[in-house]
Amino acid sequence: MSAPTKGPAIETAGLTRTFHTRRERDVLALRGVDLRVERGECFGLLGPNGAGKSTLIKILTTLLLPTSGSARVAGFDVAKEPLAVRHRINLVSGGDSSGYGILTVRETLHLFARFYGVPWPEAKRRAEELMEITGLGPKADTRMSGLSTGMKQKVNFARGFMSDPEIIFLDEPTLGLDVEASRAIRSFIARWVRERPDRTVLLTTHYMVEADELCWRVAIIDHGKILALDTPRALKRALPEETVFVVHLAAPPPAGWDAGIAGIESAIQQTHPGTGGAELRLTLREDQVIGEVLGAFRHREIPVLDLTKHEPSLESVFVSLVGRGLDEADAPDAEASA
Amino acid sequence: MSREPRTFAEVLRMNLGAVTARASVRIVAAFRERSWLIGETVFPFLSMSTFVLVYRGLHAPPAFEAFAVLGGAMIAYWNNVLWSMASQFFWEKEQGQLQLYLITPVSRMSILLGMALGGMLATTTRALVILAAGLWLFHVPFPLDRVPGALGLFLLTLGALYGLGMILSSVFLLWGREAWNTVTLFQEPVYLASGFYFPVRALGTLVASVAGLIPITLGLDGIRQIFYGDAARGFLPLAWIVPIQAALLVVYLFLAHRALLTMENLGKREGRLTIRGG
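Taken in order, these protein sequences are the chains called A and B. Per this note's numbering, the first sequence starts with residue 1, numbered consecutively. Per this note's numbering, the second sequence starts with residue 1, numbered consecutively.
To be clear, the hints were calculated from the coordinates, so they are not data collected in a lab. One thing to keep in mind: the hints can contain errors.
As the list claims (entries may be wrong) - Distance windows between CB atoms, simulated: (1) I268(A) with G96(B): 27 to 35 angstroms; (2) K225(A) with T20(B): 43 to 51 angstroms; (3) E132(A) with T20(B): 25 to 33 angstroms.
We put the CB at the ideal spot given by N, CA and C, even for glycine.
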């Protein structure tokens with residue numbers, strides 16, 4: 001069975017999925033999705049509820065058949081070679097819990113390792129490591145029924161990594177988790193990808209910060225169509241909104257301070273009569289120009305009190321493409337039933 | 001990274017690992033959650049006692065009291081097949097857990113077999129408690145020298161019964177939310193039709209024949225005949241029961257495999273495998 005080890009981790013071509021409903025019209029959950037995720041990449045899929053994210057993940061994880069088009073995971077066709085795909089993937093869906101209330105956390109992780117043929121010593125080592133990283137260590141011998149929702153979700157998250165998959169699908173992995181737990185999970189994902197350059201993560205999330213922090217490339221999906229796909233940086237740069245540097249100075253700079261700095265596109269100065277300081281809002285052709293700006297102040301012995309960079313966020317990219325924020329009205333679509 | 005098995009032996013080892021893993025959940029549960037043990041032994045024991053006392057009050061032959069004791073023990077298996085086999089995939093889906101099984105690289109039959117094996121082992125404790133209590137309290141005749149033969153038929157019956165449970169688990173999954181009602185619908189009528197507390201012959205040839213599709217019916221009939229001979233008032237000759245049970249085992253396992261494939265393919269086409277509450 002094992003053959004393809006080259007080529008992209010995930011590749012879809014013209015992928016569509018229609019759900020036939022008894023009461024309503026048919027729902028087109030995916031409309032010709034073309035996607036290519038390279039091996040070793042942490043790829044983000046952003047979209048509101050009903051956008052088609054979960055439908056796409058279910059097709060890629062062999063839980064759903066596409067209506068038309070093709071999808072390959074690790075080089076294998078998800079419809080024709082599902083078993084080969086399953087050997088190489090795992091899935092974590094946020095908000096779900098895995099395992100049985102009667103089992104302890106440790107037993108739950110061991111249980112799922114056995115479904116992937118992970119040898120016992122390896123399963124034991126991985127379970128201990130994952131419990132340590134996710135903060136489940138002190139709860140290792142607690143029954144699942146005695147865990148909080150957040151803890152159960154952490155177990156579900158750890159379960160997904162027990163098989164040490166080639167490609168992991170993380171569907172809203174931090175949904176409903178508190179800030180600290182979300183941060184721990186994000187740092188685990190970042191570390192996992194860093195330490196295993198041949199592994200691939202496909203992450204769907206509602207949280208822009210999460211996508212921005214973790215993903216090398218991001219696809220924005222709405223109503224079953226991919227609207228944009230690029231690095232977070234490139235997506236943000238494509239916006240008409242510009243990056244603004246705000247510099248707080250101890251004293252207003254003299255006129256003509258910027259003479260000779262070619263990369264300044266605009267500079268708006270505001271003085272603070274009370275403190276005697278000044279605020280400069282600078283739009284630069286390139287980020288590196290800020291070095292010359294700071295050099296000019298140093299040369300004139302004007303202390304810089306504070307420097308901040310205001311970039312367009314992924315949120316603004318999303319709003320500009322979709323026409324609404326992630327938390328606003330969700331697409332009236334099939335995802336809830338997918 | 002976990003290595004993909006390449007040889008038949010590796011595939012077999014992986015699937016056997018899945019069978020024992022899924023079975024272990026049931027066994028752990030049976031011993032860790034003792035309240036279930038009480039609930040599932042006390043009530044069948046009370047029903048069984050009622051029948052034993054009625055038979056005793058009517059001065060029925062002692063073998064009749066033994067029928068009730070054996071039937072009381074076997075009820076535990078039927079309840080287990082209904083509540084923990086047939087409806088299990090449905091509940092797994094409701095908890096969002098079915099998809100975790102379906103994305104694993106092991107055969108779905110391994111997962112079902114694990115559920116069945118675990119269920120059998122866990123239920124055997126309950127059945128033994130009921131049987132021992134019945135024998136000890138009511139002093140019913142129990143020829144120990146016939147135990148090996150009865151045990152052979154009992155194991156064949158269990159295989160066929162859990163094969164039926166495996167079919168039902170796929171069927172119930174496709175029926176969806178009506179599973180609970182369906183389970184209830186099947187429970188009591190089968191107590192009657194399978195002759196748990198009386199010789200099934202009393203129901204007449206037609207009803208007993210149809211009830212024979214549930215392996216516990218002919219299994220009980222045969223086990224009673226092994227223990228008590230003609231006094232068991234058997235429905236079919238023992239020589240017929242063994243091959244019938246063996247055939248049911250093969251047919252039900254085959255149908256379970258087909259039902260699983262159908263369930264999975266239909267679910268994947270219609271998106272029903274992961275719909276919760278759907």
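May I ask which of the numbered hints given earlier this structure violates, with the numbers listed in increasing order? When the structure is compared with the hints, only number 1 turns out to be violated.
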